[in-house]
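A.B. asks: Sequence:
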Amino acid sequence: MDENTQKLREYLRKVIDELQSCRAQLQQVRATAREPIAIVGVGCRYPGGIESPQDLWRTVADGQDTISAPPLDRGWFSDPAQVALLRQAEGGFLSGAGDFDAEFFGMTPEEARATDPQQRLLLETAWEAVERAGIDPHSLRGSRTGVYVGAFYRLYAAGASIFDDPDDHLVTGVAGSVMSGRIGYALGLEGPAVTVDTACSASLVAVHMACQSLRLGESELALAGGVAVNATPHMYTEFARSIGQAPDGRCKSFAAGADGTGWSEGVGLLVLERVSRARANGHPILALIPGSATNRVGASNGLAAPNGQTQQRVIRQALDEAGLAPDDIDVIDAHGSGTRLGDSIEANALLAAYGRSRRADRPLLLGSVKSNIGHAQSSSGVAGIVKLIEAMRHGVVPKTLHVEQPSPDIDWSSGALELVTQNLPWPANDGPRRAAVSSFGISGTNAHILLEYPPDDRETAHTPPDAPAPASIAWPISAVTPAALAAQARRLLDHVRAHPELRPVDIGYSLATTRSHFPQRAVVLGGSRDELICAVSALADGADTATVMRGTAGPDHGIAFVFPDVVTEPDFGSPDALLAFPVYARAFGEVVRTATGGSEAAAEISTELGFFARELAVYALYESWNMRPEVVTGHGVGEIAAAHVAGVLSLADACQLVAARTALETRVPSGSGASERAMPAGTVEYREPQVPLVTSTGEHPSVLRSSEYWARQSSEPPDDTSITAALRAHGGARSIEMVAGELRTALEVAARMHCAGADIAWQAIFDGFGGTRVGLPTYPFQRETYWWVPSVAES
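Following full-length UniProt numbering, the numbering of the sequence shown begins with 1 at its first residue and continues without gaps.
Source of the hints: derived by calculation from the structure; they are not laboratory data.
Hints may contain errors.
Unchecked claim - Just the calculated beta-carbon pair ranges, DEER-fashion: (1) 276 with 471: 34 to 44 Å; (2) 256 with 427: 23 to 33 Å; (3) 282 with 579: 18 to 28 Å; (4) 81 with 519: 42 to 52 Å; (5) 663 with 579: 51 to 61 Å; (6) 81 with 495: 42 to 52 Å; (7) 495 with 544: 37 to 47 Å; (8) 469 with 663: 39 to 49 Å; (9) 527 with 663: 54 to 64 Å; (10) 216 with 177: 14 to 24 Å; (11) 495 with 394: 31 to 41 Å.
Yeah, the Cβ is synthetic: ideal placement off N, Cα and C, and Gly gets one too.
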């Protein structure tokens, strides 16, 4: 083979390798582009006292109607010209729409009052959604988490000038862009923050955009949804003069009696993540979004008129993206605004896109959450998503209200489409439960989202391990204010009592690792469910008990570890609860092996060496819990342990000194003077301390070179004056005595440090218990009312 032929072969081999690499990368890009998006958390508020997904489910499952008279706390009735119209108007109103926990989010009362209630509701709902995802909101700071918010009307403080606000809070308080930006600011997020205005389709468009951002890798997590709060009564007073609004304020979706839409309010946010990442992070997967699409009506017969052809196309786009057929979808929560024209166009588009090819015995089941809560405008689409997530989980399709007869304007016989007028079991099929949600905006933008229930995923991230219950458990609870701390305890108490199936260890794990830790802190300790419940009850009532530790987190002044001498003989025949922690077991075993020349049998070592091993094992455990000393001290065996921890003695030399001390104590009769003692021969290497070490006499550790020193001082406690001075020199470090082998004591130490403000590694603590994530109540916001327009009480 000549040289040119060899070069050609090498070149072709290189080209083939590069092509194969490009093909692999392209396949990965395609797979990521079509990867389903997981919904891992939900937060929402809608009319009728709905403050959670579970509340929304109870509303639709029980067939409740949440339409009511206008609220009295927004100053609307202060204008006599509006009073007559408002007395006739009904709608879906959020109770306490102006209520907000300003202190929690670091806002002054003046800033809160100047901030659109929609921004405030988004802040609280975002926090709740993240908590329900099993994510500590503070842990997202600096992450590429995107925020996509759909919003429409922004009339808060309408007519007011920025000159009416001396602090300029109105500039950002009423800005649409800040609706998403303020969430990013409050949580410290560094992904995109986008506010979307496509009117009534805005929340679904926001969800679609968030899914695209996640698939492109632009965001690693996303908050997406929408908000609508009517700051003025114009939606009701103006539409009352037109044919667009139902006289009774109710949406009669797809019904013969449809006579206009009924306006409503609300906020809903989803926490979204690529499904592979959600599984890797152990987040609960409530539902999947396999596909979504948006488009516009085109040049229809009017600026705001719907178009059936483009509605069909947006459905097909979403199905194509997901690789699904129309028959794969079981249920749809439609736009269903309650106008005869809009509903008939939408239903006929659904018949064309979904119903024509379906079997008559397996129709697409049709409904709309608007029949329960009204048309929540730019938050309406996400309400449909929340409804369907819960419906898929419960296996029930809720009925649509206010339907005496289906609309005669819809050709129901042209395909398999059935309006659900009573609760039905979810249709049985060979695949997973799947559903869809549609929204259309006055802007002309259509949106369609597909949903899928993952049959193999449950609300808990992991199957609880088959491990015995620990002898003692810690439940950390915290809040921004003392009142909120008591409220948090009451919420937890009610939840635990309502869910007796929850393991105490899982509750503790979830409190410790999925919730942020605030300045007002408490830790309840207990060995049983009943003991823990009693402790939480005491915390809620403000009572002091031995099982409740509490405090206000302050500056972390560090820790001083005090290693005591042998006080009791370790019982190596009884189980050591701390051996459940691998780091403790490893450290204990290392000392035993070093002391015995390789043997694993703890029974072969002396009492003092056993106590020494446990002290060092407890130190290793505390260090793994993020409790590292600023200064160490000790006496007797403990002084040798402190010297090792400080880096003055190697483990081998420390074990030699403990063994020599044990031999010395055995040979010398009690009461003998120190001058009669002599240390056994042996070479010990002393080093400069890496952690400040306070010796028994306060002298430099180099005095340990003297065997007479050890004979005279090893059993005497350290000098309090020396220790106090050393602690003061290190910023007032808090002292902890290294009591060995007791789980309850170890947890009390961690709890005490946590309540004082230390950053305890709770994940490491509960790793030793085998805890797993469970759902818990969200933060109890302590709200006050802020509203720019004077209320009736003020006028």
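A.B. asks: All hints are to be evaluated individually against the structure, with a verdict given for each.
C.D. replies: Now the hints, each set against the structure:
no.: 1; hint: 276 with 471: 34 to 44 Å; in the structure: 38 Å, holds
no.: 2; hint: 256 with 427: 23 to 33 Å; in the structure: 25 Å, holds
no.: 3; hint: 282 with 579: 18 to 28 Å; in the structure: 26 Å, holds
no.: 4; hint: 81 with 519: 42 to 52 Å; in the structure: 49 Å, holds
no.: 5; hint: 663 with 579: 51 to 61 Å; in the structure: 28 Å, violated
no.: 6; hint: 81 with 495: 42 to 52 Å; in the structure: 48 Å, holds
no.: 7; hint: 495 with 544: 37 to 47 Å; in the structure: 23 Å, violated
no.: 8; hint: 469 with 663: 39 to 49 Å; in the structure: 42 Å, holds
no.: 9; hint: 527 with 663: 54 to 64 Å; in the structure: 40 Å, violated
no.: 10; hint: 216 with 177: 14 to 24 Å; in the structure: 22 Å, holds
no.: 11; hint: 495 with 394: 31 to 41 Å; in the structure: 20 Å, violated
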